[in-house]
Amino acid sequence: GENVEQHPSTLSVQEGDSAVIKCTYSDSASNYFPWYKQELGKRPQLIIDIRSNVGEKKDQRIAVTLNKTAKHFSLHITETQPEDSAVYFCAAISGGRSNDYKLSFGAGTTVTVRA
Amino acid sequence: AAGVIQSPRHLIKEKRETATLKCYPIPRHDTVYWYQQGPGQDPQFLISFYEKMQSDKGSIPDRFSAQQFSDYHSELNMSSLELGDSALYFCASSRRGLETQYFGPGTRLLVL
Numbered sequence: 648g649e650n651v652e653q654h655p656s657t658l659s660v661q662e663g664d665s666a667v668i669k670c671t672y673s674d675s676a677s678n679y680f681p682w683y684k685q686e687l688g689k690r691p692q693l694i695i696d697i698r699s700n701v702g703e704k705k706d707q708r709i710a711v712t713l714n715k716t717a718k719h720f721s722l723h724i725t726e727t728q729p730e731d732s733a734v735y736f737c738a739a740i741s742g743g744r745s746n747d748y749k750l751s752f753g754a755g756t757t758v759t760v761r762a
Numbered sequence: 004a005a006g007v008i009q010s011p012r013h014l015i016k017e018k019r020e021t022a023t024l025k026c027y028p029i030p031r032h033d034t035v036y037w038y039q040q041g042p043g044q045d046p047q048f049l050i051s052f053y054e055k056m057q058s059d060k061g062s063i064p065d066r067f068s069a070q071q072f073s074d075y076h077s078e079l080n081m082s083s084l085e086l087g088d089s090a091l092y093f094c095a096s097s098r099r100g101l102e103t104q105y106f107g108p109g110t111r112l113l114v115l
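Residue numbers (our numbering), protein chains in the order written: chain A, 648 to 762; chain B, 4 to 115.
Source of the hints: derived by calculation from the structure; they are not laboratory data. Heads up, some of the hints might be wrong.
Dumping the calculated BS3-like pairs for lysine-lysine here, alpha-carbon to alpha-carbon at most 27 Å [what the hints assert, rightly or not]:
1) A:715 to B:16
2) B:60 to A:718
3) A:718 to A:669
4) B:25 to B:55
5) A:689 to B:60
6) A:705 to A:689
7) A:689 to A:704
8) A:704 to A:669
9) A:715 to A:669
10) A:718 to B:25
11) B:18 to B:60
12) A:669 to B:16
13) A:704 to A:718
14) A:715 to A:689
15) B:25 to B:60
Note that the coordinates shown come from a computational prediction; the quantities given were computed from them, not determined experimentally.
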């Protein structure tokens, strides 16, 4: 099955600075990579995703890059704000039968934005 | 926009009791996934359904079973509960053929 590794486990940044979270995956057949933001006790909320036919995607202050050859992808948050403080999970679709899209998650990164 | 609905939101059970968690997917979503998230952990895939048929299975204990009904809602049945079953249980839904999954608010299960 798919194995996703995520670094760092914790990240503290000054408000206004950028935050970068990196993930690697093991299954070369994986082709969909979402990022979820989770606040304490709440649901994982999809913030951005990227498919394997795209190298980069941006949505306002959030961007994701994908390097299929190296099997790694990254989340970039610019101009961080206190409300960006949360746990961020990267994920990949596990390989398997067509249309079976179970998510394999990284261990999560706790991001703290200091005011 | 309508979201995934889960019930109950909180559940307290004793060891060896049973529990049933319910999930109502987003309208026109036909695929349901169940995930278990322990404290400080990432969500772990349990099981998924499409068109009332189990489509994939992950690390789900034999004490747990699940099904999907004709209206696409799903129920996760948990028997012989153990202390280690205490966790957040999330349901996510998607449309067949699309990878994007949207999560419900979760059910927090506490086994005493």
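Here is how each hint holds up against the structure:
no.	hint	in the structure
1	A:715 to B:16	45 Å, violated
2	B:60 to A:718	25 Å, holds
3	A:718 to A:669	11 Å, holds
4	B:25 to B:55	14 Å, holds
5	A:689 to B:60	24 Å, holds
6	A:705 to A:689	25 Å, holds
7	A:689 to A:704	26 Å, holds
8	A:704 to A:669	15 Å, holds
9	A:715 to A:669	13 Å, holds
10	A:718 to B:25	36 Å, violated
11	B:18 to B:60	25 Å, holds
12	A:669 to B:16	39 Å, violated
13	A:704 to A:718	16 Å, holds
14	A:715 to A:689	31 Å, violated
15	B:25 to B:60	18 Å, holds
When each numbered hint is compared with the structure, violations occur for hints 1, 10, 12, 14.
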